[in-house]
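Enquirer: Starting from the known structure of chain A, arrange chains B and C on it as the hints suggest.
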Amino acid sequence: MARDDAVPLLAVRDVTKSFGAVAAVDGVSFALHGGEAHALVGENGAGKSTIVKMLAGVHRPDSGVIEMDGTPLALGSPADARAAGIAIIYQEPTLFPDLSVAENIFMGRQPVGRLRRIDKAVMKAEAEKLFDRLGVHLDPDRPARGLSIADQQLVEIAKALSVDARVLVMDEPTAALSGVEVERLFAVARTLCAHGAAVLFISHRFNEVFSLCERITVMRDGRWVSTDPTADLTVDQVVRRMVGRDVSALFPKEEVEPGEVVLDVRGLTRHGVFSDVTFSVRRGEIVALAGLVGAGRSEVVRAVFGIDRLDAGEVYVDGVRLHAGSPAAAMAAGLALVPEDRRQQGLVMELSIERNATLTRLGALARAGLLSGRGERRAAREWTRKLQVKYGLLADAVGTLSGGNQQKVVLAKWLATEPKVLIVDEPTRGIDVGTKAEVHRLMSQLAGQGMAVVMVSSELPEVLGMADRVLVMHEGRVTAELGRAEANEETVMFAATGQNGTAA
Amino acid sequence: MAHDTLYAHPEAPAPEPGARRAGALGRALFTRWDTWVVIVLALVVVGAGASVDGFAGPRNTQFLLMDIVAIALIALPMTLIVITGEIDLSVASTLGLCSAVMGQLWVAGLPLELIVVLVILLGAVLGMVNGLFVTKFGLPSLAVTIGTLAAYRGLSFVVLGDQAVADFPRQWTDAASSTIGGSPVPWSVLIAVVLAVAFAVVLHWTPFGRSLFAMGNNAEAATFAGVSVNRAKFWLFVASGAVAGLAGVYWTLRYASARADNGSGLELAVVAAVLLGGVSIFGGRGTLLGVLAGVLLLGSLRNALQLADVPADTLNVVTGALLITSVVVPNVVGMARSWLRQRRHQRG
Amino acid sequence: MKTSEKHAGAQRAAGSDVDGQRPSRRTGFGRRVLAARELGIIVALTLLVAVTTVVNPAFLSAQSVRDVLLGASILVILAVGQTVVIVSRNIDLSVGAVLGLVAFATGKLFGAAPGTPIIVAVLVGIALGAACGVINGVLVAAARVPALVITLGTLYMFRGIDHSWAKGEQINAADMPAGFLRLGTSTLLGTPLLAVIALAVVLLVGAYLQSYRSGRELYAIGSEPNAARLSGIPVGRRVFVAFVVSGAMAGLAGVLYAARFGTIDATVGTGIELQVVAAAVVGGVAIFGGSGSVYGAAVGAVLLTTIGSSLAVLRINPFWQQAVVGGLILAAIGLERLLAVRAANRLRGRTSHGA
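Protein chains in written order, with the working numbering: chain A, 1 to 504; chain B, 1 to 348; chain C, 1 to 355.
Next up, chain A with everything else stripped away, as it sits in the complex (with noise of 0.2 Å):
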């Protein structure tokens, strides 16, 4: 299969992409051959998305060139990868909500008739034709808006399908999907690759990508690590080259005795979404919320924050019932929120890194009512450096940051609400490797000194190496809750996947 010798189907060489001064991509190289799935695997933030996005034609690389059959590809829209035969599958689906699913997919293509009209009886039969390939019923006729995410992933699947493509991209597109979701979008995959396609599938599910793939590339820090036959490959070596040292070394977790119970969560409920979510953090403990994505733990933080409604259930503060539904209410009472969505929910990204380190505690600021520059100024230097945050200038818009150091603002701006309770969701996606350790370490200097710690994490080591008390959920339930020495990868996937969730 491997055909080392072979003009390759897709190449990039030695490609290049800057953000202001960060290198998202540094000289990375690698090949795609006809009839071969090719996985890049790499932590977040290791560049992955930003090469998806040069072969999509959303990025130009600053040096570097991609090459189709040996020669040169000019990609300087998403027309033009359409065009040279490059289908991309996002993690997040590319939908109109307001156009029907037979339009999402031919968008652009629509087969027409007389006068160039749109043949819709032709286009809706084109799409009950590829539903059929993928072994699925979704009405043609209805909007694309309402769908679930992995129903809406098949629309992107279909689209990829209709304009057989050449070469097929795939961004971790099974963060969503359910095991015979992800065996059916395999089938496709193969399909393609049976018709001389190459594909190239990222994600972070080691199991997918040992059945699927031919050949893995690793990244790190936007650097090109190998490529190497799967065949020749472990896991362990595959994670080993991903973080670039030993993993157990990243997750020092210092033993703390546990203090009395702050956070207390009765019959959490919020319909739909999850439902009966009870559990307790003590003072000094780290609990970790784990799952797969989607099953409702970001919800229920958020829940617990005040920042969504709740249908039933209550969150009781050192004993004090919290008023529900109030952001306000809940950092009055001691919370803390770090979001799951940085760029969204954790930052302002347009402001100053003063600005949103101090954005949570403006009252407290206030003299009289008002705020002074220089107060302000020394408050957010002051959290700055405690958690040694890397800027030019206070004044500097926050998005100007890397990843690791925007989240270190974000810990700053609320640890300097002085909270009880922290909690933190994700709280190391699409950091470096340096400044992971720096917030583990972080999490742990601050449970021993006697703050309560929620973390959701969807990296199982993260969750094994932090964690006193792991909380299981499944498809909005806690199905199973395990101490510190029951925790391993089994039971923590065992119970994440449900396979326990009438027993528990």
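Treat the hints with care, since some could be wrong.
So the derived list for chain A, only partly shown, Cβ under 8 Å to chain C, looks like this [said to hold, decoys possible]:
no., residue
1, Leu73
2, Gly76
3, Pro78
4, Phe96
5, Asp98
6, Gly108
7, Pro111
Computed from the model, here is a short list of chain C residues facing chain B with C-beta under 10 Å [stated by the list, open to error]:
no., residue
8, Ala113
9, Ala143
10, Pro146
11, His163
12, Val281
13, Ala323
To be clear, the hints were calculated from the coordinates, so they are not data collected in a lab.
Heads up, the beta-carbon is just placed ideally off N, CA and C, and yes, glycines get one too.
Expert: Positioned in the frame of chain A, the structure of chains B and C alone reads:
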């Protein structure tokens, strides 16, 4: 690694270099839009004073200032609203409805002191309606206030028809255009200045004001930081209505006439002034100083051109051109800058 | 316009309660809602006509219907152009000024060259309007400035140019050829010619938006601009064309205005942009793009015009008209939001059963 202090790390962070900071301050000042608006305003005033007969005269100054008071007043809450990413197009209609009701109440024989209070309250209620639609029902403010723009103007015609109430007592109408001592500055300007200072303090020096910038840039992140986005927006719409009511009172007395079409089309002038003053239509950016300079700039340009015998309606070209320039130029400059950076990067 | 591209990612977040920023749009359970809504305005129109006719049967007389159609034609044409723009998540506030400018130019054209064939005058008007649209389109698409601001600016500029050209002059029917003025009054098979033209425009543009690729791409752009870009749609070019179409429609409306009223000064069409937006919104065109049809907008325009005549017949103070229009706008967007929220709740309920 010894953790002697909280979250400590052996390396001390680099302090901000003083020289760089001073340079950056200067740069920041001159890359700021409102600085340029103030400079252009100064140039226009000086230029017009030197070249247009009568521009600098006390009588003209008085009229110029009186003409812009209504716009300046309404622009104050509008600035805050636009910074949160919303807009209120109903302000001129609110002014008109308040003026019409003021006329009818006067005809009905109520004392003017009471009428003034009632009319400002009415404005607040009208603003509250906008606020409810936007925050409770989650409707886009653009659509809501286009709706209430029509509705309030329609109601003002229902209230007063095409009549005019013009028999307000002399001492009240005179007061609207009387000046402070011997100066050419009308008393009404003083009210506007006091309100402007209040709004500026709220916007730039209070936690509430800070939260407006945050929610204008990213409402979701603001919510996650504990900001009550909807509550803030609701009260801004109420303030906008109340101030428009006050402007209605002023307008009625200033022109000694309560009419249903008072202030018709003023919303566009206000929005133009706010945007010209450097407030981003997307929200999250702007200063009150810039907006006031924008109001004054549009007012003095208009006034100077009028004195120079340019027909009033032709001035629209200038207003429009200024407005377009004010948004296109920063965008084009930004695009050019990032393009240059890209080029530099590719060569480097 | 506050299009909130920067919020696009967040809008996906499942179960997000951070709404208010969320432009209300048609959600979920599909064509039933669409049907319900477009049916809604037709029902409202029918009811209005029925009630008015009961009070005064003459309301449904041929002459009276002709009057309403005649009155609505120009608004319909403008609303059609506006729909093309709004569907792409933009707005064109300059249409009233373009209409005024073109109407005056038409009068001037006949003054300078009385022998101009009518068709030439119409084409010149459309071209002039389209040229104004080009200015809007270039500024919005190339300089990437929100359409609300740009078209507010060009509204002032076009109106100002109109004024400085007119210098207070008024053009009267006597200055224009009788053949041209007949355009505004003649009928075709008993239907006012203007209404026939408006109908043709509605059908033409309607077909374009429904059945042509570039038309559908306008909906795609309005529905999700980022996705549109990712799927290779030339967003800038499409938006540019939308503004040119809107300008051309305003130009056509300007020529027809001149023919119908015969008296033109520089204030013609002042403030009509709000009525146009109102017609589109009442007709079910989502103010933040992606959904709605020119048919709905056209019915919306007819409804707004009918309200005016009905009030007169019902002996209601005609001053109520504008207030009712405002109320209708609020009702239309409120209804849409209500349906969206109900659909979202229904959806949430369904997934709870592990869909």
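Enquirer: Does each hint fit the structure? Answer for all of them.
Expert: Verification of the hints:
At a threshold of 8 Å, the smallest CB-CB gap from leucine 73/A to chain C is about 14 Å, leaving the interface hint violated. Interface hint status for glycine 76/A: violated, as the beta-carbon distance to the closest one in chain C is roughly 11 Å, over 8 Å. At its closest, the beta carbon of proline 78/A sits 4 Å from a beta carbon of chain C; the interface hint therefore holds under the 8 Å criterion. Proximity of phenylalanine 96/A to chain C holds as hinted, the smallest CB-CB distance being about 4 Å (cut-off 8 Å).
A distance limit of 8 Å between C-beta atoms decides the matter here; for aspartate 98/A the minimum to chain C is near 4 Å, and the interface restraint holds. At a threshold of 8 Å, the smallest CB-CB gap from glycine 108/A to chain C is about 6 Å, leaving the interface hint in force. Here the hint on proline 111/A is broken, as its CB sits about 10 Å from the closest CB of chain C, past 8 Å. Hint on alanine 113/C is violated. Least Cβ distance to chain B is approximately 26 Å, over the 10 Å limit.
Below 10 Å, beta-carbon pairs count as interface contacts, and alanine 143/C has one with chain B at about 5 Å; its hint therefore holds. Restraint check, proline 146/C versus chain B: the minimum CB separation of about 5 Å is within 10 Å; hint holds. The beta carbon of histidine 163/C comes within 3 Å of a beta carbon in chain B, closer than 10 Å, and the hint placing it at the interface holds. The interface hint given for valine 281/C holds, since its Cβ lies 6 Å from the closest Cβ of chain B, which is under the 10 Å cut-off.
Below 10 Å, beta-carbon pairs count as interface contacts, and alanine 323/C has one with chain B at about 3 Å; its hint therefore holds.
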